[in-house]
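> Take the given structure of chain A and dock chain B to it, following the hints.
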Amino acid sequence: MIRELVVISGKGGTGKTSLTASLAFLAGHALVADCDVDAADLHLLLPPRIREKQPFYSSREAIIRPADCISCGLCLAYCRFDAVRMKGSASGPALFSIDPAACEGCGLCVHYCPTGAIDFPERLCGEWMISDTRIGPMVHARLGVAAENSGKLVSLVRRQARELAEKEGYNLIITDGPPGIGCPVIASLTGANQVLVVTEPTVSGEHDLGRVLGLARHFDLPAAVCVNKWDLNPEMTECIESKARLSGAQIVGRIRYDPGVTQAMMQAKSVVETDTPAAEDIRAVWEQLK
Amino acid sequence: MIIAIASGKGGTGKTTLAVNLAQTYKEPLQLLDCDVEEPNLHLFLPAGAIEEEVITVPIPVVDETLCDGCRACSAFCEYNAIIVPKQVALVFPELCHSCGGCMLVCPQRAIKERDQRIGVIRRSRTGNIQLIQGLIDVGVSAVPPLIHAVKKGVNPALPILIDAPPGTSCPVVTSVRGADYVILVTEPTPFGLHDLTLAVDMVRSLGLSFGVVVNRMGIGDDRVQEFCRREKIELLLEIPDDRRIAEAYSRGQMACEAVPELRSRLAALRERLETLAAHAAGRRP
Numbered sequence: 032m033i034r035e036l037v038v039i040s041g042k043g044g045t046g047k048t049s050l051t052a053s054l055a056f057l058a059g060h061a062l063v064a065d066c067d068v069d070a071a072d073l074h075l076l077l078p079p080r081i082r083e084k085q086p087f088y089s090s091r092e093a094i095i096r097p098a099d100c101i102s103c104g105l106c107l108a109y110c111r112f113d114a115v116r117m118k119g120s121a122s123g124p125a126l127f128s129i130d131p132a133a134c135e136g137c138g139l140c141v142h143y144c145p146t147g148a149i150d151f152p153e154r155l156c157g158e159w160m161i162s163d164t165r166i167g168p169m170v171h172a173r174l175g176v177a178a179e180n181s182g183k184l185v186s187l188v189r190r191q192a193r194e195l196a197e198k199e200g201y202n203l204i205i206t207d208g209p210p211g212i213g214c215p216v217i218a219s220l221t222g223a224n225q226v227l228v229v230t231e232p233t234v235s236g237e238h239d240l241g242r243v244l245g246l247a248r249h250f251d252l253p254a255a256v257c258v259n260k261w262d263l264n265p266e267m268t269e270c271i272e273s274k275a276r277l278s279g280a281q282i283v284g285r286i287r288y289d290p291g292v293t294q295a296m297m298q299a300k301s302v303v304e305t306d307t308p309a310a311e312d313i314r315a316v317w318e319q320l321k
Numbered sequence: 144m145i146i147a148i149a150s151g152k153g154g155t156g157k158t159t160l161a162v163n164l165a166q167t168y169k170e171p172l173q174l175l176d177c178d179v180e181e182p183n184l185h186l187f188l189p190a191g192a193i194e195e196e197v198i199t200v201p202i203p204v205v206d207e208t209l210c211d212g213c214r215a216c217s218a219f220c221e222y223n224a225i226i227v228p229k230q231v232a233l234v235f236p237e238l239c240h241s242c243g244g245c246m247l248v249c250p251q252r253a254i255k256e257r258d259q260r261i262g263v264i265r266r267s268r269t270g271n272i273q274l275i276q277g278l279i280d281v282g283v284s285a286v287p288p289l290i291h292a293v294k295k296g297v298n299p300a301l302p303i304l305i306d307a308p309p310g311t312s313c314p315v316v317t318s319v320r321g322a323d324y325v326i327l328v329t330e331p332t333p334f335g336l337h338d339l340t341l342a343v344d345m346v347r348s349l350g351l352s353f354g355v356v357v358n359r360m361g362i363g364d365d366r367v368q369e370f371c372r373r374e375k376i377e378l379l380l381e382i383p384d385d386r387r388i389a390e391a392y393s394r395g396q397m398a399c400e401a402v403p404e405l406r407s408r409l410a411a412l413r414e415r416l417e418t419l420a421a422h423a424a425g426r427r428p
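Chains as they are written, first to last, in the numbering used here: chain A, 32 to 321; chain B, 144 to 428.
Here chain A stands alone, though its shape is the one from the complex (with noise of 0.2 Å):
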């Protein structure tokens, strides 16, 4: 069976990225899917030499073709999502149109323009990618500017990832997840196996934590938890680390604070494939959790 752990975090910012391509490094043979799909960062520590690239369409977008619109303002009357634009005109008609940034693609418009007016096509929303790295496959993505449906497409990059481990003998897929606890977070942990909570020792950290705990068990997941940067409040680490243990979850260890671990960003490395301390605080990580 192939077995999936997703690494999130609830507050953005904790060291998702930095830890899960460590993790995936110390895993040997292990399948990397990076669901953070608008801003997607893995590829900068894990250089992908792409294999196949593919359009993600998702969804339609209305849009007014000028010459058709009577300016009757139905489309307005029955968008319920503020995308329509009237803007007023001296010489005749107000002028309609739709902000795609707006539009959510339900149709409405289209449905009741009485001279069909309204264009309605796929949208593109991004693409997805399979690449392989140094340290194993791939599956990535990168949701179009300003788009909808980032919950879709994480779904998608996970299915292809499953697909992938299957074809070619992986039996363990690490996902970077998103930050949040909403539609894309949601769409990560969906089927998973086991989750790994990376949280910092600060006020958010601990808020955000309970939240996103709370969503583990909602969807009745086993959870790890980790704390990033201990050493900047020790006592909040402690705090953190009870209350996790409450509500179920698993401690699996400590990272400290450590300047190395930006450095080994910058280098384009993980933390691991460097000797920096923190290092030996990931693979005591990892040993938790294999």
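Everything labelled a hint here was simulated from the structure, so no lab data went into it.
Predicted model only: the values in this text are computed from it and were never measured.
Do not take every clue at face value.
As the list claims (entries may be wrong) - Derived DSSO-like pairs (lysine-lysine); straight-line CA-CA distance at most 30 Å:
1. Lys229/B x Lys255/B
2. Lys169/B x Lys183/A
3. Lys294/B x Lys169/B
4. Lys274/A x Lys321/A
5. Lys295/B x Lys255/B
6. Lys321/A x Lys300/A
7. Lys321/A x Lys183/A
8. Lys295/B x Lys183/A
9. Lys84/A x Lys183/A
10. Lys198/A x Lys300/A
11. Lys255/B x Lys183/A
12. Lys198/A x Lys84/A
13. Lys294/B x Lys118/A
14. Lys229/B x Lys183/A
15. Lys295/B x Lys169/B
16. Lys300/A x Lys84/A
17. Lys169/B x Lys229/B
18. Lys118/A x Lys169/B
To be verified - A short, non-exhaustive set of chain B residues, derived as facing chain A with CB atoms under 7 Å:
19. Thr199
20. Pro236
21. Gly244
22. Ala389
Heads up, the beta-carbon is just placed ideally off N, CA and C, and yes, glycines get one too.
Leaving out everything else, chain B in the frame of chain A:
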């Protein structure tokens, strides 16, 4: 005047900048926490009474006595949120975008809407700062409607500071839309630079005026500054990497209390922002 604080990469210091910038205001200020998945501003602003409002979205309900299984609703729905597996329609609320289409296209008028809770908005006051915070319920993926609700409750006559979520997708777009000026916070690292370029693409595609704040100066290199020079993006402020700031943040304290020299630089930033935002607001059609 609306100023939004965003970033591609998470953990670059949006919240730190928002609360510390808010401290430079003596007059009433509205501070909006649009990071409704993981709101943190309240941790830095001890407040008295908190007023809470439940936010809902309309979700279709099918009257099974009226539904004749014609499939007009499922044919219409772009999100596969309503299907007709047997004789009557079945709704999947977690896929629904609340567009209202199925209800309108149903020839039997068998579909009505009910309010489904997605989260809450909390309003509180700390001195001159009015905090409006959105908090999505755990397990709910419909984030943008709650952000809309947070932004709807503002008084446009007073200055507004928005703390946006990280990333570049729909929750961020919903948060920064309509702002007079956007501050993009980043750090001088490869991740910081890469995610900044994505965030710049996003704000440019929305036609918004923006500038950059670099936090933790000194941990990496100067490629972020080079990028800003090349792209003619204003560098608004550089905050040095300082363990005192990180430790103050870890305890929920203000950076400008730990590092008092920040105060005057934030006051200068605020003045500059007012000029930039007024200029951008004047240029808008």
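> The structure should be examined with respect to each hint, and the outcome stated for every one.
Results of checking the hints against the structure:
1. Lys229/B x Lys255/B: holds (20 Å)
2. Lys169/B x Lys183/A: violated (45 Å)
3. Lys294/B x Lys169/B: Between Lys294/B and Lys169/B the Cα gap is close to 22 Å, so the pair holds against 30 Å.
4. Lys274/A x Lys321/A: holds (23 Å)
5. Lys295/B x Lys255/B: This hinted pair holds, its Cα atoms lying about 25 Å apart.
6. Lys321/A x Lys300/A: Holds, at about 22 Å.
7. Lys321/A x Lys183/A: holds (29 Å)
8. Lys295/B x Lys183/A: It holds: about 28 Å lies between the C-alpha atoms, which stays within 30 Å.
9. Lys84/A x Lys183/A: Given pair Lys84/A, Lys183/A holds - Cα atoms ~17 Å apart, limit 30 Å.
10. Lys198/A x Lys300/A: Within the cut-off at roughly 28 Å; holds.
11. Lys255/B x Lys183/A: holds (28 Å)
12. Lys198/A x Lys84/A: The given pair, whose Cα atoms are some 18 Å apart, holds under the 30 Å limit.
13. Lys294/B x Lys118/A: holds (23 Å)
14. Lys229/B x Lys183/A: holds (27 Å)
15. Lys295/B x Lys169/B: holds (24 Å)
16. Lys300/A x Lys84/A: Measuring from Cα to Cα gives roughly 24 Å; hence the hint holds.
17. Lys169/B x Lys229/B: Judged against 30 Å, a Cα distance of about 63 Å means the pair is violated.
18. Lys118/A x Lys169/B: violated (38 Å)
19. Thr199: violated (14 Å)
20. Pro236: Since chain A brings no Cβ nearer than about 14 Å to Pro236/B, farther than 7 Å, the hint is violated.
21. Gly244: holds (5 Å)
22. Ala389: Interface hint status for Ala389/B: holds (6 Å vs cutoff 7 Å).
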